[in-house]
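Asker: Chains H and L are the protein sequences, given in the same order. Residue numbering for the first sequence follows numbering that gives the first Met the number 0, starting at 0 and increasing by one per position. Residue numbering for the second sequence follows numbering that gives the first Met the number 0, starting at 0 and increasing by one per position.
Have a look at the derived ranges for each label pair, beta carbon to beta carbon:
1) H:R128 <-> L:N76: 18 to 28 Å
2) L:I42 <-> H:L51: 33 to 43 Å
3) L:A70 <-> H:Q56: 23 to 33 Å
4) H:R169 <-> L:F106: 47 to 57 Å
5) L:E23 <-> H:V133: 33 to 43 Å
6) H:P37 <-> L:I8: 18 to 28 Å
7) L:I19 <-> H:R128: 28 to 38 Å
8) H:L130 <-> L:A70: 27 to 37 Å
9) H:T97 <-> L:D52: 55 to 65 Å
10) L:P18 <-> H:T54: 12 to 22 Å
11) L:Y14 <-> H:V119: 23 to 33 Å
12) L:Q54 <-> H:T131: 38 to 48 Å
13) L:D95 <-> H:R128: 30 to 40 Å
Under the rule of at most 20 Å between Cα atoms (straight-line distance), these lysine to any residue pairs were calculated in the SDA-like manner:
14) H:K41 <-> H:A31
15) H:K41 <-> L:I8
16) L:K72 <-> L:A57
17) L:K72 <-> H:A82
18) L:K72 <-> H:P80
19) L:K72 <-> L:R30
20) H:K41 <-> H:P29
21) L:K72 <-> L:D58
22) H:K41 <-> L:G10
23) L:K72 <-> L:A38
24) H:K41 <-> L:D6
25) H:K41 <-> H:N66
26) L:K72 <-> L:L44
27) L:K72 <-> L:M102
28) H:K41 <-> H:N69
29) L:K72 <-> L:R49
30) L:K72 <-> H:F109
31) L:K72 <-> L:S36
32) L:K72 <-> L:D105
33) H:K41 <-> L:E11
34) L:K72 <-> L:A31
35) H:K41 <-> H:L7
36) H:K41 <-> H:M0
37) H:K41 <-> L:T9
38) L:K72 <-> H:G81
39) H:K41 <-> H:Y3
40) H:K41 <-> H:L51
No lab work stands behind these hints: they were computed from the structure. Just so it is clear, CB atoms sit at the ideal spot from N, CA and C, and this is done for glycine as well.
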Amino acid sequence: MTDYVEILDTQIEPDAPLTAVLAGQWRDNPIAIAEGSPGAPKVASRALQGFLLPTIQFTTTPAGYTNLGNFSEFLIYGLLPGAVGEMRIRFTNNNGSTWGAAQALFDLGFGPFFIRLNIVTGQVRNVPRLLTGVGEITSVALPSGTTNGFQLLTTSGAASQACAIVTGGR
Amino acid sequence: MRGLAIDAITGEVVYDERPIPTAEETLAAERATMICSPAQMRIVLHRIGRLSDVQTIADSDPEASIIWEYATKFVRNSPLINAMAGPNGFTDAEIDDLFREAMGLDF
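Next comes chain L alone, as it looks inside the complex (with noise of 0.2 Å):
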């Protein structure tokens, strides 16, 4: 595949042949970003009160405890986060969403 160039010269795009992601594959490049602090998680979890949720989740398995008292980040794709999704969870939209807030609070 050729991909993308542009002229130098004249700023014209020559050609574009970059495959149009699906939608599948935009939200997989979109999670591949989402990473965040735990205070931030912990806000916007506190937020919508599910944080006691997501500390019984973590409490489920020492790991996971661990990881979730002491980590420095929070990235999406990673098995403590993959863990808070299920029954008694949240869903991947849900998390997906959780991320996002997060990633937007400033302070």
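The shape of chain H in the complex, shown without the other chains (with noise of 0.2 Å):
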């Protein structure tokens, strides 16, 4: 692992000579920073393409994601066991003190989902299935200010399993 040496004010200051020291902390702390090496600075989430969120067990009961500040948007995948009703998702903008109403995205049998959501703009992508007496739901209504956390939920039926991928920060 490269080590990462901190740059002084002594050594760029007016006048300050280039040392092949100097040249060598530029080589090397941007390669240990990108290691994780002690001391380097760490990388912000908000840097970061995308990550993957725990796996996520929910039913009647909620489960979800809180301290989502810093993202917009997510990929959504998991597996429902069999049928459950309403396949719900609720929003809270305090990181889960409190949390809004649960909106209905679609109801579906046994199977896979895939669903794109952005906490930014409300928009939601590929939902399996059109809800009954509604149809595709395409966008859902968020909280005031910044919405920094989700949960899913069931409406009855055996516990669902899902993971979210970050995919955008904001």
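Join the two chains, each given in its own frame, into one complex according to the hints.
Answerer: Rendered as structure tokens:
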């Protein structure tokens, strides 16, 4: 692992010499950051292209994620084990202290699902089924302020599983 | 109920307020997933020497006989399977075990 060595102000002040040591730090410090070396600055989550969130299980009791204030887009994929009534989603703008009303996305029996969700615009894509009596859901209502969490739930049935990939920052 | 929430940055469980299922609820949830093919069920019954018993139960009702012969799947929570229970048939626990073994068969 490459060492991270802080570049001092004295090394870069006017008329400071360009030394081999300084050049080495220019070369090696970005590598050390990418490797997560001890002492190196951490990459802010908003700078990441995307990463995988832990798998959740949900039923009529919701399950989901908070601290999403740095992110905008998600790919949510999962599996419904059987007839689960409606698949629903709800949001928070205070990291889970309170949650808004659950909103129906689709009704579906057994099968996988892949949904694209944007918690800045409320746009929803690729719901696998039409919601009975309503049609394809392409948007959901978001709370005021910054949406920083969402939960999934169903209206009946055995436990479903889902996993979310962050695909966009704010 | 707030349910479950995971902090997306740290991965920590922020809270878990999901109710702990009772044994009955757990069994009911498992039974909701018990589905097997007719071949799987017949092989399990044959291996325990009870295939003819089930055939007799099915033959006692015309619709049950049709389902037993032509169904493409057997579901735990169905009238046909529930008819297997009773004094001359199987206990609920035995039916559960039949499905668990049948669902594990692969050919």
